[in-house]
Amino acid sequence: MRLRSWILAVSAGLVLTAALIWAQAAFLRVGNGGVVAQSIGRLLIHADGTSEIIGHFHVLAGLPQTLLFARDPGEASAYFTARSTLFTIEPFQNGGLTHFRVRPVEGDFVRVRFYYDSTPDQDLSRPDTYSDGELTSSWRWHSGHGTITNGVSTFTGGLDLESGGAITHQGNLLEVAGIANAVTIVLTGPALQIRPGEEMSVAWGGTAISSQTR
Amino acid sequence: MNSKSRSLIAVALVAATGCAALLYFQQRTLAQSTGYGGRAAGAIAAQLAGRALVSHDQSVQMVGYFTTVPGLPELFHSGGPGEGNACLTFRSSRFRVDPVGNGNLVHLFSSPVEGNSVLLDVYYDPSPDQDFARPETFSDGTKVAVFRVHSGMTTAIPPAYGVCYTSLELVSAVDFEAGNVRVNIGGLGRGGTLNFLSSPPELSGNAVQFPFAIPFGGSVSSVQ
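From first to last, the protein sequence lines are chains G and B.
Mapping of the first sequence onto this note's numbering: residues 2 to 215, in sequence order.
Mapping of the second sequence onto this note's numbering: residues 169 to 392, in sequence order.
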């Protein structure tokens with residue numbers, strides 16, 4: 002009887018260990034300096050002069066496509082999305098170039114929040130659909146600088162993880178906050194032309210690179 | 169202490185041992201990946217130039233050469249930089265490009281034509297003769313390293329240019345002699361992040377006619 006209890010106990014322990022390893026394996030461990038995510042989205046410039054970023058993840062720390070999209074890849078089917086708090090864009094000239102930085106509308110920092118939506122329905126014309134899922138992590142946008150030249154805009158910035166947790170997605174325990182605690186983002190899009198009072202939706206593609214601080 | 173308590177303790181002990189082993193192997197992997205002359209994460213590990221060659225069947229392969237690798241002496245056989253006399257070259261396996269539209273942008277993602285991964289092989293050729301019209305000349309040296317290419321995206325801004333970020337994960341590397349220096353690209357660590365800019369395709373006319381080539385140039389930053 003005692004032997005059987007020990008065998009059962011050891012087996013249960015091994016199963017628990019295997020489950021822990023399996024759960025961790027869902028996210029590829031990205032080395033410092035490596036590509037964490039690729040995302041696609043829009044910079045929405047509202048008529049009142051405020052702006053926000055919305056987007057979805059096309060690549061996320063090694064997750065297979067079946068865990069990223071409910072159907073064919075696209076914004077409407079993406080399980081993982083992002084939306085920023087409101088900010089204003091401050092352009093300044095440098096010879097033939099225009100640079101810009103972003104300033105929060107409220108508080109000290111712009112925040113970017115990541116969401117998981119098990120029933121995705123994102124629509125670029127309805128920004129709220131990018132934030133109606135489960136909040137998985139919140140990031141502080143601590144720095145950023147954009148450059149606009151003939152035909153192209155680029156923006157480089159830094160995000161620090163403020164809070165985050167784990168979610169269960171299709172039976173996988175995904176610790177979103179465990180991928181990285183800081184990232185450098187690089188966004189690329191067409192030349193930004195800000196016209197006061199005019200609403201705009203500017204396409205961008207972005208890469209997040211791990212810049213771990215621990 | 170009854171048998172139930174002992175069983176619970178045993179479960180906890182085995183699970184704790186398993187977790188400790190998991191952490192140990194993760195730390196060991198990280199420890200092994202440091203190096204490359206102490207290059208920090210994000211530091212420039214290489215710079216390169218090349219072409220994305222788009223075939224009649226619309227599959228793509230990348231060929232090119234390294235212009236700078238810190239710690240390596242002269243990378244060119246004679247004269248200035250150019251594909252014809254580069255000693256360290258690369259050639260990828262064939263991949264398909266899956267475009268995703270986004271307003272006036274097009275985002276490009278790659279998937280392998282064969283196998284599970286797109287691979288990028290690096291060659292050392294002390295007698296270089298590369299020619300972009302003959303892709304095989306970029307792979308007729310000694311294969312010195314293999315990288316798996318993944319997690320990439322190219323954002324194309326028609327008609328100006330494209331920008332790409334992708335991961336290069338080291339698969340294997342062997343020692344080779346470059347001049348009087350013994351080198352192993354595996355010292356790079358776990359791999360790198362490749363970032364390059366590309367220009368519009370070189371076309372014979374206004375219409376897209378296969379095959380064609382897209383020039384690109386960029387850098388690999390170290391991943392640790």
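No lab work stands behind these hints, which were simulated from the structure alone.
Take the hints with a grain of salt, since some may be wrong.
[Stated by the list, open to error] Which chain G residues face chain B? A few, computed with CB under 7 Å, are given here:
1. Gly32
2. Gly147
3. Thr150
4. Val153
5. Thr189
6. Ile195
7. Pro197
8. Gly198
9. Gly206
[Unchecked claim] Where chain B lies over chain G, by a calculated footprint (3+ residues, C-beta under 8 Å):
10. 54–67
11. 171–182
Predicted, not measured: the structure shown is a model, and the values here were computed from it.
The beta-carbon is built from N, C-alpha and C at its ideal position, and this holds for glycine as well.
Going through the hints against the structure:
{"no.": "1", "hint": "Gly32", "verdict": "4 Å, holds"}
{"no.": "2", "hint": "Gly147", "verdict": "14 Å, violated"}
{"no.": "3", "hint": "Thr150", "verdict": "10 Å, violated"}
{"no.": "4", "hint": "Val153", "verdict": "6 Å, holds"}
{"no.": "5", "hint": "Thr189", "verdict": "5 Å, holds"}
{"no.": "6", "hint": "Ile195", "verdict": "16 Å, violated"}
{"no.": "7", "hint": "Pro197", "verdict": "21 Å, violated"}
{"no.": "8", "hint": "Gly198", "verdict": "21 Å, violated"}
{"no.": "9", "hint": "Gly206", "verdict": "3 Å, holds"}
{"no.": "10", "hint": "54–67", "verdict": "holds (count 3)"}
{"no.": "11", "hint": "171–182", "verdict": "violated (count 0)"}
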